[in-house]
Amino acid sequence: MIKKIDIAGIQVDNYTVRESIMLVEKNMSRQIFTTLEEVNMQMLLLAETDERMRESLEKLDYSVIAETGILNAVGENSIQRKREIEDHDFYFELLKRLERNHKSIFLLGKSREELEQALQTIEEDFPKCRFVGAEAMDECVGATDAIVNEINAATPDVVISILPTPEQEYFLLDNRNKLSTTLWYGMGSEKIARKKHGFIHFIRNMISLRKLEHTITSYEEKETENE
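In numbering that gives the first Met the number 0, the protein residues as written are 0 to 226.
Because the hints were derived from the structure by calculation, they are not lab data.
Do not rely on the hints blindly, as some may be mistaken.
Straight-line alpha carbon distances no greater than 27 Å define the calculated DSSO-like cross-link-like pairs of lysine-lysine that follow [said to hold, decoys possible]: (1) Lys109 <-> Lys95; (2) Lys2 <-> Lys95; (3) Lys81 <-> Lys2; (4) Lys25 <-> Lys58; (5) Lys58 <-> Lys127; (6) Lys25 <-> Lys3; (7) Lys127 <-> Lys102; (8) Lys177 <-> Lys81; (9) Lys2 <-> Lys25; (10) Lys3 <-> Lys127; (11) Lys25 <-> Lys109; (12) Lys25 <-> Lys81.
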């Protein structure tokens with residue numbers, strides 16, 4: 000199984016859930032600040048034209064494939080990996096470990112409504128997760144320094160972001176060196192929204208797959224021309 004996938008010049012990790020969790024826990028045990036995000040097709044497509052988005056993705060320590068369409072686009076047909084992605088195994092395994100190890104969590108979202116929905120969703124499956132703070136970007140006036148100060152004041156072990164793309168990636172790119180935490184987990188807004196809008200997400204997913212396949216083909220053709 001391929002451990003790294005090249006999507007139009009962007010390297011995306013293709014570790015199993017077990018491998019990804021081991022890497023994250025190793026870094027956390029050493030108090031090494033680690034950035035990790037779930038990467039979907041929309042993010043990769045946006046990175047084609049948005050340099051800041053591309054830079055943010057390239058600077059991630061680890062990435063988790065969030066949609067099987069990414070594997071389909073490059074012809075990677077591992078049944079195990081597709082099952083892990085479809086069942087959101089990484090999310091469940093990571094949250095289970097955070098709950099079991101009593102790690103403190105700060106939740107960052109776009110609006111207060113989305114934060115409340117995410118908290119409810121997470122606490123349904125992980126009632127003992129320890130949240131030490133939550134902040135909505137919509138309530139932040141001016142620069143994001145106030146949000147960074149709120150996070151650092153709470154001194155969380157983990158920051159979980161449910162910000163939409165590209166706001167999530169911009170925030171991380173601008174503030175990664177200011178955050179006082181051990182793990183940044185960019186979960187994104189899709190995972191929570193998908194539970195409410197499953198069919199709409201399915202249609203959007205199919206459209207994104209076609210666009211991503213076209214992007215990969217175009218990139219490979221340009222690379223061939225430059226050889």
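Okay, which hints does this one fail, numbers in order? Violated hints (numbers, rising): 5, 8, 10, 11; every other hint is consistent with the structure.
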